[in-house]
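Q: Chains as they are written, first to last, in the numbering used here: chain A, 76 to 337; chain G, 14 to 627.
Everything labelled a hint here was simulated from the structure, so no lab data went into it. Mixed in with the good hints, there may be bad ones.
Unchecked claim - Some chain A residues well away from chain G (every beta-carbon gap over 10 Å; in silico): (1) Met76; (2) Ser110; (3) Arg148; (4) Arg149; (5) Ala152; (6) Ala164; (7) Leu210; (8) Asn220; (9) Arg266.
To be verified - Using 30 Å as the maximum straight-line C-alpha spacing, the simulated DSS-like pairs for lysine-lysine come out as follows: (10) G:Lys49 - A:Lys281; (11) A:Lys221 - G:Lys71; (12) A:Lys325 - G:Lys71; (13) A:Lys96 - G:Lys580; (14) G:Lys49 - A:Lys157.
By construction, the Cβ of each residue, glycine as well, lies at the ideal position given by its N, Cα and C atoms.
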Amino acid sequence: MEILVCVKRVPDTAENEIAVKADGTDIVRDDVVYSVNEWDNYAVEEAIQIRDNVGGTVTVVSVGDEESEEIIRREMAMGADKGVLLSDAAFEGSDGLGVATILKSFVDKGKYDLILTGALADDGAGQVGGMLAALLDLPYASVVNKIEVKGDKLLVGREIEGGNQEMNEISLPCVLSIQTGINEPRYVGIRGIRKVASLEIPCDGKDACGLDAGVVGAAGSKVKRLTYFVPELGEGAEMIEGSTEEQVEKVIEILKAKGGIK
Amino acid sequence: MALTLADRRDQQFVLNEQLKIGELCEAELYCDLNTKTFDLLLNEARNLAVKELLATFKESDQIGAVLEDGAVKVPPSFHRAYKLFCEGEWLTVSDDTEVGGQGMPCVLGAATLELFAGANLAFSIYAMLGHGAGKLYEIFGTPEQKKLFLPNVYSGKWGGTMCLTEPSAGSDVGALTTTAVKNDDGTYSISGTKIFISAGDHDMVENIIHPVLARIEGDAPGTGGISIFIVPKIWVNEDGSLGEQNDVECVRIEEKMGIHGSATCVLSFGAKGKCRGFLLGQERQGMKIMFHMMNEERLNVGVQGLAGASAAYANAVNYARERLQSRNILKSRDPEAPQVPIIEHPDVRRMLLQMKAYVDGLRSLNYYVGLCMDRARISRSDDDKVKYQGLVDLMTPICKAYSTDKGCFVAQEAIQIYGGYGYTQEYPVEQIYRDTKITTIYEGTNGIQAMDLLGRKLGMNKGQVFIDFLGQINQTVMEAKKIDSLAEMAAKVDEAANKLGKTAMVLGKAARSEQVLAAFANAYGFMESMGDVILGWMHLWRAVVAHPALEKAAKGRDIAQAVASSKDAAFYDGQIKTARFFINTMLPLALGRMDAVMAMESAAVDIADGSFGS
Numbered sequence: 076m077e078i079l080v081c082v083k084r085v086p087d088t089a090e091n092e093i094a095v096k097a098d099g100t101d102i103v104r105d106d107v108v109y110s111v112n113e114w115d116n117y118a119v120e121e122a123i124q125i126r127d128n129v130g131g132t133v134t135v136v137s138v139g140d141e142e143s144e145e146i147i148r149r150e151m152a153m154g155a156d157k158g159v160l161l162s163d164a165a166f167e168g169s170d171g172l173g174v175a176t177i178l179k180s181f182v183d184k185g186k187y188d189l190i191l192t193g194a195l196a197d198d199g200a201g202q203v204g205g206m207l208a209a210l211l212d213l214p215y216a217s218v219v220n221k222i223e224v225k226g227d228k229l230l231v232g233r234e235i236e237g238g239n240q241e242m243n244e245i246s247l248p249c250v251l252s253i254q255t256g257i258n259e260p261r262y263v264g265i266r267g268i269r270k271v272a273s274l275e276i277p278c279d280g281k282d283a284c285g286l287d288a289g290v291v292g293a294a295g296s297k298v299k300r301l302t303y304f305v306p307e308l309g310e311g312a313e314m315i316e317g318s319t320e321e322q323v324e325k326v327i328e329i330l331k332a333k334g335g336i337k
Numbered sequence: 014m015a016l017t018l019a020d021r022r023d024q025q026f027v028l029n030e031q032l033k034i035g036e037l038c039e040a041e042l043y044c045d046l047n048t049k050t051f052d053l054l055l056n057e058a059r060n061l062a063v064k065e066l067l068a069t070f071k072e073s074d075q076i077g078a079v080l081e082d083g084a085v086k087v088p089p090s091f092h093r094a095y096k097l098f099c100e101g102e103w104l105t106v107s108d109d110t111e112v113g114g115q116g117m118p119c120v121l122g123a124a125t126l127e128l129f130a131g132a133n134l135a136f137s138i139y140a141m142l143g144h145g146a147g148k149l150y151e152i153f154g155t156p157e158q159k160k161l162f163l164p165n166v167y168s169g170k171w172g173g174t175m176c177l178t179e180p181s182a183g184s185d186v187g188a189l190t191t192t193a194v195k196n197d198d199g200t201y202s203i204s205g206t207k208i209f210i211s212a213g214d215h216d217m218v219e220n221i222i223h224p225v226l227a228r229i230e231g232d233a234p235g236t237g238g239i240s241i242f243i244v245p246k247i248w249v250n251e252d253g254s255l256g257e258q259n260d261v262e263c264v265r266i267e268e269k270m271g272i273h274g275s276a277t278c279v280l281s282f283g284a285k286g287k288c289r290g291f292l293l294g295q296e297r298q299g300m301k302i303m304f305h306m307m308n309e310e311r312l313n314v315g316v317q318g319l320a321g322a323s324a325a326y327a328n329a330v331n332y333a334r335e336r337l338q339s340r341n342i343l344k345s346r347d348p349e350a351p352q353v354p355i356i357e358h359p360d361v362r363r364m365l366l367q368m369k370a371y372v373d374g375l376r377s378l379n380y381y382v383g384l385c386m387d388r389a390r391i392s393r394s395d396d397d398k399v400k401y402q403g404l405v406d407l408m409t410p411i412c413k414a415y416s417t418d419k420g421c422f423v424a425q426e427a428i429q430i431y432g433g434y435g436y437t438q439e440y441p442v443e444q445i446y447r448d449t450k451i452t453t454i455y456e457g458t459n460g461i462q463a464m465d466l467l468g469r470k471l472g473m474n475k476g477q478v479f480i481d482f483l484g485q486i487n488q489t490v491m492e493a494k495k496i497d498s499l500a501e502m503a504a505k506v507d508e509a510a511n512k513l514g515k516t517a518m519v520l521g522k523a524a525r526s527e528q529v530l531a532a533f534a535n536a537y538g539f540m541e542s543m544g545d546v547i548l549g550w551m552h553l554w555r556a557v558v559a560h561p562a563l564e565k566a567a568k569g570r571d572i573a574q575a576v577a578s579s580k581d582a583a584f585y586d587g588q589i590k591t592a593r594f595f596i597n598t599m600l601p602l603a604l605g606r607m608d609a610v611m612a613m614e615s616a617a618v619d620i621a622d623g624s625f626g627s
């Protein structure tokens, strides 16, 4: 099975104190540690497992600046077979539709049975997977937490509201957005790192993608972020005091009382 | 944000900016690697350390290793961590690819160990010993022995240990009583008891291949008569399959102050008369061979000391930022003034900066020695090989003793930062302190290291190694003197280095005279002083690198303004401030200590045993 996984380089929320710039245009990116978007990492793991079961190749693609090469390399060290960076000054500032358009241009040049994206990104809006499917006119399932290959179809589980689950049959080729928890992503070992050490990651710009600068990037964006801010603290928060054990007990008590756990 | 392991930014600074390890890739040995690979490697090591090894930290202490029915069980969480550790092949980061290693520079071996040991020191011991034993088999084993043991030891499928110590033979290894008797089939029957054997038995591996020091019957007493044997826990047949139990029994594990997750075993060899081993290397070469492992482990233990310090500091600085207590000293009379985070109090800042100075300095020192190992590996000229290997040998006792002394000091200060909470088990720093304390003792006590420095290392190659070492410091001093704002600090490091040279002369001369006992009674003071001078050098070096980087990060702005708005600028300014603190407030203490060493006070050896008190 030819599988394409779309990945994104994002600020690592476990490693950074995210602060908003004073002018509200963005977060402070000076010295921020980046990593592969967590959801995308689950998608790559799923792709590797499917390939290992039924054969084929896993290609990883990312739209981003040249630094995004590092996450492509990382996912290849994890086990993906190929990696491509889609990068061009003209791509900067793309909205969700813009990113989906860039990805579509890449998909059109290949032949993929299955395209995976993360369900959302730490800094995103959870829209690229669905838009990409629509642009490609392919079936789409979102928030997928289980995949089983059944010939030219897939059985896919979806997580739905309230912790409920549904199973769907979906025809290939298709696009799926992957939920965390679908698998346990493997750690990257040194052997994998060595394997990709001297690989050149190909980079396609707007010309290679056959895209007009007017339809992508800031110029083509119809969604523009106006401001970025941390909301003011509201009322009603209860601060729990005491030792760790006491705090845990209290949290369990509250969760039980409010029906969060049985 | 709780960042409880080695500071990522500082690790990258030392590797990429101070030591410029990317230059190693110019050598044929590392030509297929690059800095991106190194960064990725360190990221993934951190990933494993934070997500898996750190998760075993508490259980390691609370459950610990237990001996049940003659077999040792590690804390349950260790199994998953060890499996993932071995799958990632982190056991052999910098070993040659031909023998199953990953072929990365040694300096990265140190950097990854800082992360792993910082996450769980007790866990790191199993890996360190497995690797160290494997190294002996790699270097000294026959082709058959290598084939039989090396792949499984280096993959972590089988474990390793270091069987030296006996009840009456601790620091005095020559007094050991374990015996070996040659059998008709060329193997040796081993009989004796070894104590304090870390990883001596455990259930993460299917077999353990012990390197065991023993005396062949009839051989001379003392270290010269000692041989070394490969003794499998379970016999390994010629075809590699496992045979019978080899009469190696764990009869007890120690109840210890810390590193509870590490099984410290009393091992009985041949109590039932059925323990066999293979001779490793030549007869009576045991100590020489074991020294290879000891030197490796001494450097590793130095990194463990650094790891304890860096984890303790990371916790303490986070806590000091969050813990509200007392008013700002300038508003102490204003009852309306709010409580402030304790990091605002001058004495807390003094403690934190002292801790930071040790952590950063030790990181530079330990990684630098790793880099020297790489330089010795890749140098084309024999002179350079000898020079870099000499630097490694000279600084090994400093890495071991100074890093672990200061590692414990930093962990102790971390408890102080937390106050009463730090003394409780609710916070991790008391465990870090207890776990780190062993590092000043095992692999040759720090006192032994000071004696090794004076007795064996200072005079190496007629003192040329020490002169080369001072030359390295001088290079940094010269660079620093070119920068006006660093010239004063450069002069102070220069003065301290010159004084260290003089002290070495005086002490070395005394050691060869009738003052020999007084000289060894002052060896520790010299070791500490040399450590202080090296840290002064490392901080000056950091400042030399940080100075232009700070100007660049400031982008023409006033430095204070840049520091307030840019993490990069704050980082580089932090380097210069830390250098200022260390060189101006801590290094001067070494000058006084060196005066004391040169005075060669002999009271410690003159005082009668009875005068120590009843």
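Q: Determine for every hint whether it applies to the structure shown.
A: Status of the hints after comparison with the structure:
no.: 1; hint: Met76; in the structure: holds (25 Å)
no.: 2; hint: Ser110; in the structure: violated (8 Å)
no.: 3; hint: Arg148; in the structure: violated (7 Å)
no.: 4; hint: Arg149; in the structure: violated (6 Å)
no.: 5; hint: Ala152; in the structure: violated (7 Å)
no.: 6; hint: Ala164; in the structure: holds (22 Å)
no.: 7; hint: Leu210; in the structure: holds (33 Å)
no.: 8; hint: Asn220; in the structure: holds (21 Å)
no.: 9; hint: Arg266; in the structure: violated (6 Å)
no.: 10; hint: G:Lys49 - A:Lys281; in the structure: holds (26 Å)
no.: 11; hint: A:Lys221 - G:Lys71; in the structure: violated (34 Å)
no.: 12; hint: A:Lys325 - G:Lys71; in the structure: holds (22 Å)
no.: 13; hint: A:Lys96 - G:Lys580; in the structure: holds (13 Å)
no.: 14; hint: G:Lys49 - A:Lys157; in the structure: holds (18 Å)
In summary, the numbered hints that this structure violates are 2, 3, 4, 5, 9 and 11.
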